[in-house]
Amino acid sequence: MATPAARLPASAALQRRGAGGGLARALGPDYRLGYLFVAPIVVLVLALVAYPFGYAIYLSLTRKYVGVPPVWVGFDNYVKLTWDGFFQRAVVNSFVFTFGSVAVKLALGMAMALVLTARIRFRSFWTGVLLIPWVAPTVVSALNFLWIYDYSLGVLNYLLVKVLRVLPQGVGWLSEPGTAMASVIAVNVWRGFPFFGISFLAGMKAIPAEMYEAAAVDGATALQRFRHVTLPALQNIIIIVVLLSTIWTFNDFTIIYILTKGGPGGATQVLPVLTYEIAFGAQRLGEAIAVALYMLPAMAVVIIVLARHMRRGRAR
Amino acid sequence: MSPRVLGRAQGPVAYAILTALLLVVVFPFYWMFVSSLKSEEQMRTLTAMFWPSPAVLDNYRQLLGKTDFGAWYGNSIVVALSSTFVATAIGTLGAYALARLKFFGRAFMASATLITYLVPPSILFIPLYAQIRNLGLADSLTGLVAAYPSFTVPFVTWLLMGYFESIPEELEEAAMIDGATRFGAFRRIILPLATPGVLAAALFAFTQAWNEFLYALVFITNVKLRTLPVGLSTFITGDVYGWGFLMAGAVLTTLPVIAAYTYLQKYMVEGLTAGSVKG
Chain F
1 MATPAARLPA SAALQRRGAG GGLARALGPD YRLGYLFVAP IVVLVLALVA
51 YPFGYAIYLS LTRKYVGVPP VWVGFDNYVK LTWDGFFQRA VVNSFVFTFG
101 SVAVKLALGM AMALVLTARI RFRSFWTGVL LIPWVAPTVV SALNFLWIYD
151 YSLGVLNYLL VKVLRVLPQG VGWLSEPGTA MASVIAVNVW RGFPFFGISF
201 LAGMKAIPAE MYEAAAVDGA TALQRFRHVT LPALQNIIII VVLLSTIWTF
251 NDFTIIYILT KGGPGGATQV LPVLTYEIAF GAQRLGEAIA VALYMLPAMA
301 VVIIVLARHM RRGRAR
Chain Y
317 MSPRVLGRAQ GPVAYAILTA LLLVVVFPFY WMFVSSLKSE EQMRTLTAMF
367 WPSPAVLDNY RQLLGKTDFG AWYGNSIVVA LSSTFVATAI GTLGAYALAR
417 LKFFGRAFMA SATLITYLVP PSILFIPLYA QIRNLGLADS LTGLVAAYPS
467 FTVPFVTWLL MGYFESIPEE LEEAAMIDGA TRFGAFRRII LPLATPGVLA
517 AALFAFTQAW NEFLYALVFI TNVKLRTLPV GLSTFITGDV YGWGFLMAGA
567 VLTTLPVIAA YTYLQKYMVE GLTAGSVKG
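Listed in order, the protein sequences are those of chains F and Y.
The first sequence maps to residues 1 to 316 in the numbering used here.
The second sequence maps to residues 317 to 595 in the numbering used here.
A portion of the hints provided could be inaccurate.
One-sided and incomplete, this derived list gives chain F residues near chain Y with beta-carbon spacing under 8 Å [as the list claims (entries may be wrong)]:
1. Val42
2. Phe75
3. Val91
4. Pro133
5. Ile247
6. Ile258
7. Leu293
8. Met310
To list a few chain Y residues with every Cβ distance to chain F over 10 Å, as calculated [stated by the list, open to error]:
9. Gly327
10. Pro370
11. Ala387
Just so you know, the hints here were simulated from the structure itself, not pulled from any lab data.
For every residue, glycine included, the Cβ atom is placed at its ideal position computed from N, Cα and C.
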């Protein structure tokens, strides 16, 4: 890092402090305080993430039942899964659930952000209200929708059949294969779109007003301003939010576990719920972890690309 | 002054979209609250669907008197507060070091922390459970307090790194020229300035721990030791009576988060936008 002239006195102070020995030269001027402050995180990450992660990879290569030592089987679990119909269906469902949810969240989030930058009254109050689904406990929201979707007493069927009269009779939203996936996606969208909205809103607020004025002077319509000013400026935020949400949604356990447990007949079975069921229902831990890790290479790519973008967003 | 993308003529459109979004967001909470106040009789007969008539507290009385809900509430408070404390303390120090101090391995550790934040719990829960059990902490609140930092600490650290980076470096340098040590400058100059960020991070950590479901479901088998989300989910029975009861529990579980959030909304929105995603 180049030292600007204005900072010279400070770096002189830094050098004085670091002049203690060769260690400071090798490890950096702040190495003592630095390592002291970072040590708890390092211990924690090693113990709670890195080690379990390594152990997970090992277990996925074994046949392991609860309470019995693991037996090494190589890639058997993965090979078996590849040809397993239930697993294949869960993979497809996971992708449908993830991409369906993320696409709708992106659209609704953009609508939310645009509305909240328009000239409306009580803007910050509405912003706060729209964020509530994002902070409310996921379990509560899932249970709430379980009740809303209820076939005989739920308010959704009541609204559609008795109030609006658009349906002749109620729908078993979560119990019919045709509607179950859309119904769980709706709950994920409901919970997640405010995060998209608030992130886009922050990005839009950072766009200089002059850019819109210049575009308006040039005769750009609202749609053109959105396409040529707003979208390019939001590009990095959109990438970050979409990738973050993709990871979160792909690994969402709570909503589907509470609403359908993967049913009816596997119509909403996704990988995290399948992992849980094989691990704690069937007690086959090695196979369960293989289910969880099967998509790891793809997820790792997403995580690394995302981390790059997040760090670049900061550096600017 | 924020730029108006929609333009001047689109006022009514903006209000229409806003109203639609608000309806979709608010109605489920309204419905939850109304359901919790309905009598069993009213639930079964589908009378006065959209308001309680009469409003009764039977569900709340049953919930607090006849179930372990009170104990679960206590468990959730203990677990959420302890893990918030741990995460905030560790995360604040770490974030400062990773954002400001110059030492070998800093950039690598910053990346590792971020990647850790992105590793999903659905991959970690089985081996983490095995590890918690090996430590003799299975089926205990201590086990949860030990495990929750796996997601709260990386998040708090990442959030606060952004916050510390936004505080001008010259402030510390000035303090150090005046004879303060690095630690002194951190404690007396930087930490007070970072208070809003630390508060927001603590609130997020609390919310994450309060809402956590998967680890609590897997690690705890003793009914008395359940946390609120897991306890609530065991109330699913599917009959008329169960719903009012369940919604009363849902209301009480949501309250602390909404209360904290309302009170500290400014910091939370600021923290969310300044820290986690900054473009």
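Exercise for review: State the violated hints by number, sorted upward, taking the hints as numbered earlier in the document.
Suggested key: Structure breaks hints 2, 3, 9.
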